[in-house]
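S.K.: One letter stands for each residue in the lines below.
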Amino acid sequence: MMYPDKTTADGLVGAAHLAEVQGRSLWKDARQRFARNKAAVAGLIALILITLFAFFGGVLTQWSTQEIDWPMMGRVAQDGGPSFANGHYFGVDELGRDLYARTVQGTRISLLVGFVGAGIAVIVGTLYGAIAGYFGGRIDGIMMRSVDILMAIPFMFVLILMLVIFGRSILMLFIGIGLISWLDMSRIARGQTLTLKNKEFVEAAVATGVRPLTIILRHIVPNLLGLVIVYATLLVPSMIITESFISFLGLGVQEPATSLGALISAGAGQMQYGVIWQLAFPLFFFIVTLFAFFFVGDGLRDALDPKDR
Amino acid sequence: MKLKSLLKTGSALVLLSAVAANAQATHPQTGEALAEVQTFTYRVLDEHSSVDPQVVEDTYGADIVRDLFEGLMNQDAEGEVTPGVATGYEVSEDGLTYTFTLRDNALWSNGDPIMASDFVFAWKRAVDPALASEYAWFMELMSIQNAAEIIAGEMDKDDLGVAAPDDKTFVVTLSQPLPYFAQMTTHSTTFPVHPATVEEFGDAWTRPENIVSNGAYILREHVPQERLVRVRNENYWDNDNTILDEVTSLVINDVNQGLTRFLAGELDRTEIPPGQFTRLADEYPDQAISIPRLCSYYYNFNLAEGGPEALQDVRVRQAMNLAVNRDVIVNNVLGAGQTAAYNFTPVLTAGFELPELPIADMTQEERNAMAVELITEAGYGIGGQPLSIELLYNTDEAHRNIAVALGQMWQQTLGIQTSLANQEWQTFLQTRGNQNFEMARGAWCGDYNEASTFLDLVTTNSGYNDAKYSNAEVDQLMADAKTAEDPQPNYTRVEEIIAEEVPIIPIYHYADGYMFDETLRGWPVDNVEQNWYSRDLYKVVAE
Amino acid sequence: MFNFVLKRLAIAVPTILILVILSFMLMFAAPGGPFNSERPLPPQVLANIEARYGLDQPYWKQMYDYVVNVVTRFDFGPSFQYRDRNVNDVIMQGFPVTLTYGFWSFLIAVVVGVSLGVVAAIRHNTWLDYFAVGITVGAQVLPNFVMAPILVLVFTLWLGWLPGGGWQGGQWQYLVLPVIALSTSYMASIARIMRSSMLEVLNAGFIRTAHAKGLPMWRIILRHALKPAMLPVLSYLGPAFVLMITGSVVIDVYFSTGGIGQFFVNSAFSRDYAVIMGITILVGVLTILFNLVVDLLYAWIDPKIRY
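Residue numbers (our numbering), protein chains in the order written: chain A, 1 to 309; chain B, 1 to 543; chain C, 1 to 307.
Just so you know, the hints here were simulated from the structure itself, not pulled from any lab data. Not one of these hints is a red herring.
Capping the alpha-carbon separation at 20 Å, the derived lysine to any residue pairs in SDA-like fashion look like this:
{"no.": "1", "chain 1": "A", "residue 1": "K38", "chain 2": "C", "residue 2": "S196"}
{"no.": "2", "chain 1": "C", "residue 1": "K7", "chain 2": "A", "residue 2": "I139"}
{"no.": "3", "chain 1": "A", "residue 1": "K197", "chain 2": "A", "residue 2": "G136"}
{"no.": "4", "chain 1": "C", "residue 1": "K61", "chain 2": "C", "residue 2": "E50"}
{"no.": "5", "chain 1": "A", "residue 1": "K38", "chain 2": "C", "residue 2": "T126"}
{"no.": "6", "chain 1": "C", "residue 1": "K227", "chain 2": "C", "residue 2": "W300"}
{"no.": "7", "chain 1": "A", "residue 1": "K38", "chain 2": "C", "residue 2": "G138"}
{"no.": "8", "chain 1": "C", "residue 1": "K7", "chain 2": "A", "residue 2": "M144"}
{"no.": "9", "chain 1": "C", "residue 1": "K7", "chain 2": "A", "residue 2": "L150"}
{"no.": "10", "chain 1": "A", "residue 1": "K38", "chain 2": "C", "residue 2": "W127"}
{"no.": "11", "chain 1": "B", "residue 1": "K482", "chain 2": "B", "residue 2": "E140"}
{"no.": "12", "chain 1": "C", "residue 1": "K213", "chain 2": "C", "residue 2": "L202"}
{"no.": "13", "chain 1": "A", "residue 1": "K38", "chain 2": "C", "residue 2": "G134"}
{"no.": "14", "chain 1": "C", "residue 1": "K7", "chain 2": "A", "residue 2": "S146"}
{"no.": "15", "chain 1": "C", "residue 1": "K7", "chain 2": "A", "residue 2": "R145"}
{"no.": "16", "chain 1": "C", "residue 1": "K7", "chain 2": "A", "residue 2": "M143"}
{"no.": "17", "chain 1": "B", "residue 1": "K124", "chain 2": "B", "residue 2": "D156"}
{"no.": "18", "chain 1": "B", "residue 1": "K157", "chain 2": "C", "residue 2": "L41"}
{"no.": "19", "chain 1": "C", "residue 1": "K227", "chain 2": "C", "residue 2": "L107"}
{"no.": "20", "chain 1": "C", "residue 1": "K7", "chain 2": "A", "residue 2": "D140"}
{"no.": "21", "chain 1": "B", "residue 1": "K124", "chain 2": "C", "residue 2": "Q44"}
{"no.": "22", "chain 1": "B", "residue 1": "K468", "chain 2": "C", "residue 2": "L41"}
{"no.": "23", "chain 1": "B", "residue 1": "K482", "chain 2": "B", "residue 2": "G463"}
{"no.": "24", "chain 1": "B", "residue 1": "K157", "chain 2": "C", "residue 2": "Q44"}
Restraint ranges, calculated between C-beta atoms of paired labels, are given here:
{"no.": "25", "chain 1": "B", "residue 1": "A398", "chain 2": "C", "residue 2": "N3", "range": "53 to 63 Å"}
{"no.": "26", "chain 1": "A", "residue 1": "F201", "chain 2": "C", "residue 2": "W218", "range": "44 to 54 Å"}
{"no.": "27", "chain 1": "B", "residue 1": "G265", "chain 2": "C", "residue 2": "P96", "range": "24 to 34 Å"}
{"no.": "28", "chain 1": "B", "residue 1": "G265", "chain 2": "C", "residue 2": "S115", "range": "33 to 43 Å"}
{"no.": "29", "chain 1": "B", "residue 1": "S117", "chain 2": "C", "residue 2": "L9", "range": "50 to 60 Å"}
{"no.": "30", "chain 1": "C", "residue 1": "L9", "chain 2": "A", "residue 2": "K199", "range": "36 to 46 Å"}
{"no.": "31", "chain 1": "A", "residue 1": "R31", "chain 2": "B", "residue 2": "I382", "range": "54 to 64 Å"}
As the structure is a prediction and not an experimental result, all values here were calculated from the model. Built from N, CA and C at the ideal position, the CB exists for glycine as well.
Bound-form chain A, shown alone (with noise of 0.2 Å):
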């Protein structure tokens, strides 16, 4: 399983922080070095070609998520592999259903899981470390003294309880997910807000009396977004990883839906009975989307780190 570690978010500070006092001129230069970085313009466009897969993939075919092919169903080791002659691109899963426009749907449902999840933990974690590093004080120790608590939880090991207990849904497994990673983001983002708090322009904002919270959301927030934009690149593909050890585990998405962990978790039981399409697949487009997000995640810290100068 992918983290992303601590020398990228200190890096991250670094490089925030520069983005901050250059201005513009910073993700100008940013988007030109990050330009010429050529794993992770692949990335990118992997990324982007991926995407479109996802969304519109489902277009190319004539069949269903859910429609079984009946003739195929129980013959599927001799006759669902894939094929262009019946429609099949990727072949059939054992059911005898179309293992292309499933692919489709598992892609679009791993992605969203991703962003999902990686956009709650961001914000939350944003948030959180905002509110108690401006503050300060008692507030910031309480704070951050939860968070400390809350890291020696087992999340993952309490979230498979929730899955078990309440019944898998796809609202749980994201909010599931995304509170799991939270966590490292408010410290980033705590320690980021620290020495923002006394840039000019906060003091001014306090002077002329802006309400704390106004402060928050309108001056540091803002300021801490190439953070948070790298930071969530590299939470995206660990939020990906995750849902497909809980698919794993039989909690992931509900059936007849289905994710990439749950199509490569299904295709690896099989893999032995002469069906290595039911893993293929799934697999090469997982592993395509993590490359490309790892990709993408080092260029972005690259571009914003200003030691690589």
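Since the structure of chain A is provided, determine the placement of chains B and C on it from the hints.
M.R.: Chains B and C only, in chain A's frame:
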């Protein structure tokens, strides 16, 4: 002293192995040449609940308990009752008193003789509220005098209708005659326990270092979630006829992993993953075996108040029943020898005759045509009122596959939209038991080999009637069947009513696909309850 | 220093309290109890069972008793599912297993990962570097539930070298596949982190100076570069530890090792709350301890940090 005994064992070992090497052992009855190593290793899906006879509640546990303990009666390969610790029994004229005679040479594994009082102790223990056995209901089902009252806490456990007039005579008094009572003494809940051991160690008496048992095997090792090893009990009265020396069960959660390890030679028995039977039977004809079971798979309609309105219409239910293509499900989805079910009670049930139902003789085209007619008449389906139904099942690959296939059948033939909802077992039971579903998966395995264990389920007061179906005629027929000389006409009529009113949709009757090592013999394939005893198994020399 | 350790340990108390309350809340809110079965139990039998486990007590009393028992007697209560074992037995049984293969996985992940990262950094932009980056990225994204069955197919079914599962008291043959399956992705992560931080350190002034002085490369690496470059790896170890405990669920399910992960999942499915809570608390405590060790190591390596 120590050295001497060591030497002794050493020479004994040499002697033993010499004997084994020289004289090729043969099976006493069949004369087949026996393999030198007599061990049996099999996969279990999950850790067993307990090896305490009165506590065990799952089949994996019961399999082990049948090896470690022996009850009054045993079952043979066909499921017929044979003598166990009791050499036989007598029934009083009114059918209310059973007198069992225990064999003289039956010993506990520590050498103590088995007394009738050990059975008295065990049976009282089973109903004792202090033990709070989840299988106390079984003693109630056996109609033992005062069992129900003791479980309910109204009477003392010493009032149970069991007695030991002497060391080798065990007497049971029933509250009502029960034709299959003797059959029920083959169930693990009725097995004896060693009172001194239970009293000394409490809940920990079943640990390998404490346990005293009376079966053909004793518990050697137990690593929870990994393995359980049992070895030959030298004190067992029929030890000379026991061939397997060691039996091991390994916990392997993943069924595909189980198959891989079987193929790698690590296991002698494993379940075949859903949908793989046909292929494996082609490839390994000597190893892949399908064993029919006394179980039915069905879907409940929610007929309770507050259930979906459309499902109260019998035509909708009939149409949905007709539109299920059982052949596709048993052949293509499952394919391990399961049989299509158009009625509830499995055909294999002892003494049960299959009623003639019109649906069973139609072709699927005829069924579909009739189904479309019925649903149109009811005003639903294609062109009618849109209808969408949620199918509830507990999380499992095979259940999911069946639910997906059913949903597609109803959607394509009848235009009914279906959605799936799966829940974990415990949550599922709760949801289904509270009728919070539209249609829910159900399955029932016979508690004993007689049709009433199935058909009682559709009576109004049955606790397992999840459809909440209620029909006074059915209730009356089943009540009468209890005392009827020949209950078969009642059963036939009940099945006909079910087929007509369709409170449930029977889908198939069970069969389990297994891979067995090709040298293993003696598996009771014809025992529909699959009560197997390791002492009946043996391995022959590979050809 | 001492104060720091004390402060960190003090966090354990509220953490565990929160865990207990959280678990109890889930338990009380959950539909279906540990004693639900397909055949509904007669109310009297159910009442007997609940009395046996104290489930008939008011919620606060159950919670209070639990905390008191854990604190005063280190007793996590009986398992609802298995009569002849209590939660302490379950933990004593499963935990050493997880710890054994977890320890080896950790060791291998760190040693191999760090070496690979260093080699890739030294041979920056050579085929060796590309090769190392390639396999590490690949290993990082291949889920271990795909890796595990592949390993078994290859090493058990085709080659017949190693058993496909089981534990057998932890003999080495039974350890190899679980350790490979568990350690690969962490090894890959560590290698990537190590590579990039090593590259950074190698570009730093003091290394260039050492190089200019003509010190041999291996000496520069060992004496000067390795320690500072290890810092980011160290900070990764905390989260990696947690992820590895989680990953043990997959290992236990596939390799039937009988570790704590398998107990946890099974207990969750069968509502054996006592076991669930015991394991959750144990993992929570371990996380705290482990993070503490990492922090101390951090301070030891990086003299700039003072607690």
